[in-house]
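A.B. asks: As a plain string of letters, each chain reads:
There are 2 protein chains.
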Amino acid sequence: MSILIKNSENLGDVYVEGNEIESVGKGASSKSRRKTDHVIDAKGKAVLPGLVNTHTHAAMTLLRGYGDDMLLHDWLTTKIWPAEEKLKPEHIYWGTRLAALEMIKSGTTCFNDMYFFMEETAKAVRDSGLRAVLGYGFLDLFKEEKREKEIKETETFVKFVEGFGLERVKAAVAPHAVYTVSKEGLEWCKEFADEKGLLLHIHLSETRKENEDCVDANGKRPVPYLDNIGFLGENVIAAHCVWVTKGEVRTLAERGVKVSHNPTSNMKLATGGVMPYKEMHEAGVVIGLGTDGAASNNNLDMFEEMKVAALLQKAHRWDPTVLPAGEAWQMATINGAKALGINTGEVKPGILADLILVDLHRPEMTPNHNLVSNLVYSASGSVVTHTICDGQLLMDERVVEGEDKILEKSERIAKELIGNS
Amino acid sequence: MSILIKNSENLGDVYVEGNEIESVGKGASSKSRRKTDHVIDAKGKAVLPGLVNTHTHAAMTLLRGYGDDMLLHDWLTTKIWPAEEKLKPEHIYWGTRLAALEMIKSGTTCFNDMYFFMEETAKAVRDSGLRAVLGYGFLDLFKEEKREKEIKETETFVKFVEGFGLERVKAAVAPHAVYTVSKEGLEWCKEFADEKGLLLHIHLSETRKENEDCVDANGKRPVPYLDNIGFLGENVIAAHCVWVTKGEVRTLAERGVKVSHNPTSNMKLATGGVMPYKEMHEAGVVIGLGTDGAASNNNLDMFEEMKVAALLQKAHRWDPTVLPAGEAWQMATINGAKALGINTGEVKPGILADLILVDLHRPEMTPNHNLVSNLVYSASGSVVTHTICDGQLLMDERVVEGEDKILEKSERIAKELIGNS
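Listed in order, the protein sequences are those of chains A and B. Numbered according to this note's numbering, the first sequence spans residues 1 to 421. Numbered according to this note's numbering, the second sequence spans residues 1 to 421.
Calculated from the structure, these hints are not laboratory results. Owing to the predicted nature of the structure, the values given are computational and were not obtained by experimental measurement. Be aware that one or more of the hints could be misleading.
[Unchecked claim] Computed beta-carbon distance windows for the label pairs:
#1 A:F164 - B:N7: 40 to 48 Å
#2 B:W81 - A:T321: 13 to 21 Å
#3 A:G25 - B:K348: 27 to 35 Å
#4 B:T180 - A:K348: 30 to 38 Å
Even for Gly, the Cβ is constructed at its ideal location relative to N, Cα and C.
Pulled out of the complex, with its shape left as it was, chain A reads as follows (with noise of 0.2 Å):
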């Protein structure tokens, strides 16, 4: 497979070539004389790196606009939790087609995922084109008998993502949360992702609580209690991590951990406190950006998420130089791209071909005074014509395969989960 991208308004040509990007700039239209299976004229349009969505639960859009406006404890135990315990693996998967289908056409390639039933996560990810890094989410609630099934499950899944062979499938281990997962489920994962070369995926310092009872149970609050027990590492991808002291913003740093900032879910949920931007970056932390599930924000639109990012920041430090637009992108591509391990997030030779064109040609695109401010400011998702992920076209003119089943599907899907809750 080779595509053509002609004209484009900020990079001229940009050639692909299997799943890499060949080349940028005027050169590249000289490939064309060779056999291209697709040119897409991008006059007017910007050809950019696709999102990396750094956090998310894919298969919750099925639980879209269920439950909101209510405090933390009544919508998990009396609308999310309910609910969950009725999914079955069809849900999943089908909540995951239309989660990558929301994604497709909101100029995401890559995400990071953590749910139940990963194996059909795996095969909608498969199914649908893009790129993800999944796990299992590892919960033994302090059980030794329940950390034995999540050790098979994390294994069993691990080998299941191996299997597919695909490059842009990828397994990670999930240890839910430090409220969730016992000393001895943490110690097993970090032993487990090292030796695999595998990501650790986890949520830390979420909420307050988490903090307050981290300290009642284990004497530490959860950065210094995971660093203490050496689950702290490069391969560590912590989600929210709003409810940290810039002590362990250092401890952090230092271990190289990588961030997923998840502002609207935050906001939503009124989680309290905001994630320390500011620390974080000025002490090198790689900060990305994350969407969370769809039932607390309530869409998976990065280009939003990015807005919304600078927009918390500045409001908190009621300084508007905080987060500019410029570093708000950079979380949201190459930062993503980079806590995720994978070589995409920027537009040059020899990256992965994971590419967005961008219609310039809009009201709220124009004018186009500079192009990153319209992208962080001012654009949707919407502005998104071409999706392209591992070198294959997956969003032409807005056009993707298959969605109007997709939507059917999951419309469906959701209706009868929810009435039988």
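Using the hints, position chain B against chain A.
C.D. replies: The following block gives chain B in isolation, referenced to the frame of chain A:
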């Protein structure tokens, strides 16, 4: 002109005759036996009231993305004011056409505006088909000579708009703020607005500095200062109201002042503090929603504004139950209509025909467990397929007449403007 909207998912049929909604529901379709100018098939769509943007500076679209992430004083003195000094009538006309295009494409049918060269704004509104309340930004800078000039400008502009004879284009009186208009200027505006039966549109308590300076100059904070000179009343719409005390909230409620909340602009400019939504709502103040100008937002998407408003209030109060989706929707529709004194904001017989159709067959609108939640938390303005204002179809399946010309002209004129500043 008559329009029949058939088979909408939420309300069935809606029949529009002239500039009013004549009937809603099953019976509406029988009207189609008469000659109907336009029939819209709304299967898979919801029919909803057009959104009302209660505070903006439309022509500032030309400055979109020109200055971001800067301290307020630097932004104004090095970017906005030098650019504004170069503004010519032509800029205002095309900047407003661009804004109107963006609003039509994102479901806003009415807006409240304050800026310069307002005759050009009025012409652009007339030509775009939107509904608007327009005020010449009265700034006397505490000089008598300038005040006389501003009085004449205001009188001339009101006459100009009256000369249109269009119900959908109304004049307002718009003293800029307490720090730019003298007591005599404010008193003249109040008297003139009351005499003519017009709205008074003012910026109020946007920044902490405004409060401090007002105390230094007048011995009172802005709200009691305005109340003391008899300015506050039911025809006042006050934008921002971020830095107000609980006592001032009571004053605003008692005087019947309407408030325009502009969360994105407040957050992006990091004006500090947060508009006390909960206190105002409980006191019974009519609170609408506004985007402010595109230079400080940087778009005019009221769907995004609803979400940012809800997120900000929840995060600020550490309480997810504050500003639930239903109230955010009301702010953007019926409350905006009440604030501007126009008979829109709902879909029922006898109301002005300002309507939008929203496509439900999209991933971010699926599943449809709760339409209002999806509109507030998941949608962007791109879900709108049809926009009707004053009984006229302004957007049909996302096509707006003259779009290309508006985009090209405004892009060129914006580049010329910035090149010269």
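A.B. asks: Determine for every hint whether it applies to the structure shown.
C.D. replies: Tested hints:
| no. | hint | result |
| --- | --- | --- |
| 1 | A:F164 - B:N7: 40 to 48 Å | holds (44 Å) |
| 2 | B:W81 - A:T321: 13 to 21 Å | holds (19 Å) |
| 3 | A:G25 - B:K348: 27 to 35 Å | violated (58 Å) |
| 4 | B:T180 - A:K348: 30 to 38 Å | violated (49 Å) |
Of the numbered hints listed earlier, those contradicted by the structure are 3, 4.
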